[in-house]
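Got chain A sorted already, so can you dock chain B onto it with the hints?
In the order they appear, the protein sequences are chains A and B.
Heads up, the first sequence is in this note's numbering, so the first residue is 1 and it goes up one at a time.
Heads up, the second sequence is in this note's numbering, so the first residue is 1001 and it goes up one at a time.
It cannot be assumed that every hint is accurate.
[Stated by the list, open to error] Pairs of lysine to aspartate or glutamate, EDC-like flavour, derived with a Cα cap of 20 Å:
1) B:K1390 to A:E53
2) B:K1008 to A:D51
3) A:K40 to B:E1745
4) B:K1168 to B:D1567
5) A:K50 to B:E1488
6) B:K1475 to A:E42
7) A:K40 to B:E1431
8) A:K50 to B:D1740
9) B:K1172 to A:D51
To be clear, the hints were calculated from the coordinates, so they are not data collected in a lab.
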Amino acid sequence: MFKRIIYDDWTSIVPQISFWLTFGVFLAIVVRAIFMRRSKVEHLESLPLKDDESFNSKPTKK
Amino acid sequence: MNTNHNTKTIVYDDDSVRKFMIASITWGIVAMTAGVLIAFQLNYWQMNGKILEIITFGWLKNEGIEFLTFGRLRPLHTNAAIFAFVGNMMFAGIYYSTQRLCRVRMASDLLSKINFWGWQFIILCAAISLPAGFTRGKEYAELIWPINIMVAVIWLIFGANFFWTLGKRNEKSIYVGLWFYIATIVTVTMLYVVNHLSIPTSFTHSYPIFGGVQDALVQWWYGHNAVAFFLTTPMLGIMYYFVPKAANRPVYSYRLSIIHFWSLVFIYIWAGPHHLLNTALPEWLQSLGMVFSLMLWAPSWAGMLNGLLTLRGAWDRLLTDPVLKFFAAAVTFYGMATFEGPLLSIKAVNALSHYTDWTVGHVHSATLGWNGFLAAGMFYWLAPRLWNTKLYSNALANAHFWLGMVGILLYVASMWVAGITQGLMLSATTEGGTLLQYPNFLDTLQAIRPVMLFRAIGGGLYLAGFGLLAFNIWKTARSGNAVNGTVEVAIDEDSHETAGDKRFYAFLNPPVLYALLILFFVLVTIFGDGAVFLFGIIMTIFFCIAAIAHFEVSKAAWSEWYTKLLDHGFAFSVLTILAAAIGGAIQIIPTVTVQRADNIEGRIQIPYTPLELAGRDLYVSEGCYNCHSQMIRTLVPEVMRYGDYSHLGESIYNFPHQWGSKRTGPDLAREGGLRSDDWHYWHMLNPRDVSPGSTMPNYPWLFEKETKVSQLPKKIRIMRMLGVPYPIDLSEEEIQAQVDEQAKEIVARLAEKGAFVEPEKEIVALIAYLQKLGSYRETGEPIEASEPTKAVEPTEAVEPSNEVATAE
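Isolated chain A, as found in the complex:
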């Protein structure tokens, strides 16, 4: 009997809790992303594009 009560509660409640938990996380991240400073965003998105690299003709150790 005890086991069945636990199962029945989980079946109905858990997906709901999970959804609201996920929705909460999602909302928090959206808010943080939207309010991120423009200068910070521009700096971060430019990181892969730095093009100041040259090449050694031979592989060199550190």
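Just chain B now, kept in the frame of chain A:
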């Protein structure tokens, strides 16, 4: 604060990148060749070894070679594709981009070398052990325990090298690509360790600590998230670095990439149970799996659109630049696969698709289209830079693209047709739904054989395209010189001195402390009774109000917290693992603590006799689970075909579970007693003698090799440790006596039917196991009172599969 800037020349370690890239291409060819071979095996059983006799005009005489069966080579194919091809490609991409994004050389050349050579050694061990039949019997987790330990060690070395590099970085901010790498490293560690917890019985064999439903849940939590965190998150990190590089423009929306990352990491981990829909898995877990899979649509498409729109303004270059062409196609396949995945997770769709080729097609559209094309684009972009030259041939790269594209489309379309056709045929009924329209499983297999052949041809085309890549990269490398990238970097010496303080601040700040306190008192409320429960509620409310009040007073400081967190690799990693771990914990902990044999009501499995246990280990070793499930789903057509649906307790003592994920042959959950011993004897010797049209391999070596009875006492001792109710005082002599007695009974029954074999041979143990499948007793009923399953007399010696089942 004064800062002191000096410049320093950094020489990147591109030698490791080159080595990983070459290894990825080499192992990719091995993985794809194995894939094409096993695809042909599904059409022509002779490809399981007999073909060698044919092409050598009888010189290599055999009825089948044990090292070449589908059951043994399919794990080799999947492991090689995932860990060898994509794994090495992932390392190449991570080593290259991490150094550039951190503007520092990898922290330790020694660790990089150990990472490379250790990983190749692991792959070599896998390539030997899997065809030899050494397996744990769990999909994508087949490698035996000594190799598991090596994987864990090498992975930790890779992680240490990565985080050390991150700690030494000369760029303060952590780019989103690195976030995805962090998520990969921490989450794969967690998944791999939990799913590989085993107790060794010998150097080459172990039993997992989870069994039955627990094992199924843990396995697919791992299996699904191996896709998520080994085949997706590192690829997304690579996408966020290499696509902007190739397009020479920043990512379409950095803000969207943040939402993409956190949503994906948080949601993905919950979706594992969608591999077990309509099974004996508790309903609430199935619901969770489906709901979270559908929610995955949003972050996945956010990432896909972000990747594609990064190419805005560069679309014209797609005509001429093979790199962009591969990237655009790869991201498109990511979108297609992540649309199809949630679709297949809807229970009603899954009822049709699961156990069919539709799932196989879905997996391959992601692996070949998303991973494979991203790898190709990255390799074509990297090769000229790593060897300081031009790509040998754009024309060959374009030919590769179209061969690969046609190959994938042929493959995936064939699998859609095959899966839907077979799924519909298996559930088709007649006479007002009272009889199956196709009671013989083999009828459904014959119907899809032509399209399965197209699948093999599609795979062959993809392999041919990849061969062009190997040739192109080889010629490119030959035309240039291996070089390492160098860069002048401004060193902010003061920033290193204060890094420790900042890292500390990332944890000890009001938002984190309030969150931890509230979480703690919520748990007190949930698990406490009486006064403790009341105390938990009061304290939860108190800290919620205190947090709101504190936030109102110091808004500015709080809003800085998240921005600062993004600059702290360690704090960020802790947050990532928390986001990823919560889903698994909520699903696995209740299942492991509640779904135990002690709590089962109704049917419970009867433990195997020693001989049956030996037979089961053979079944696992031969990889039978690759084609046969042991799970009758709660669907009417399945019950009509195979018998009563599988109850949770009926596989509770199975270490590992064998529920399976694909039915190239019929389900075997209630195989015991369905057919006679001699039917199985002839079937294993040559399946076509009793099941005309079958594509199953012959297993002649089972009639020659002897069952390893000497290992049984230890195995049974470990089974007892895992909770299987074997008698505590079972001596080695008693085990041997039980084996002898049961084997002689089977041999005698076989002899009556004209099938002769010695009792020590492996086939006898396997028949004992197959005849035990589906045996159970009702809880409360003593084990001794349970009727052991009896073998039935066959109606005819040659009886097609499932006609007996249907008649019942």
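Each hint tested on the structure:
{"no.": "1", "hint": "B:K1390 to A:E53", "in the structure": "holds, 17 Å"}
{"no.": "2", "hint": "B:K1008 to A:D51", "in the structure": "holds, 17 Å"}
{"no.": "3", "hint": "A:K40 to B:E1745", "in the structure": "violated, 77 Å"}
{"no.": "4", "hint": "B:K1168 to B:D1567", "in the structure": "holds, 13 Å"}
{"no.": "5", "hint": "A:K50 to B:E1488", "in the structure": "holds, 12 Å"}
{"no.": "6", "hint": "B:K1475 to A:E42", "in the structure": "violated, 39 Å"}
{"no.": "7", "hint": "A:K40 to B:E1431", "in the structure": "violated, 68 Å"}
{"no.": "8", "hint": "A:K50 to B:D1740", "in the structure": "violated, 73 Å"}
{"no.": "9", "hint": "B:K1172 to A:D51", "in the structure": "holds, 18 Å"}
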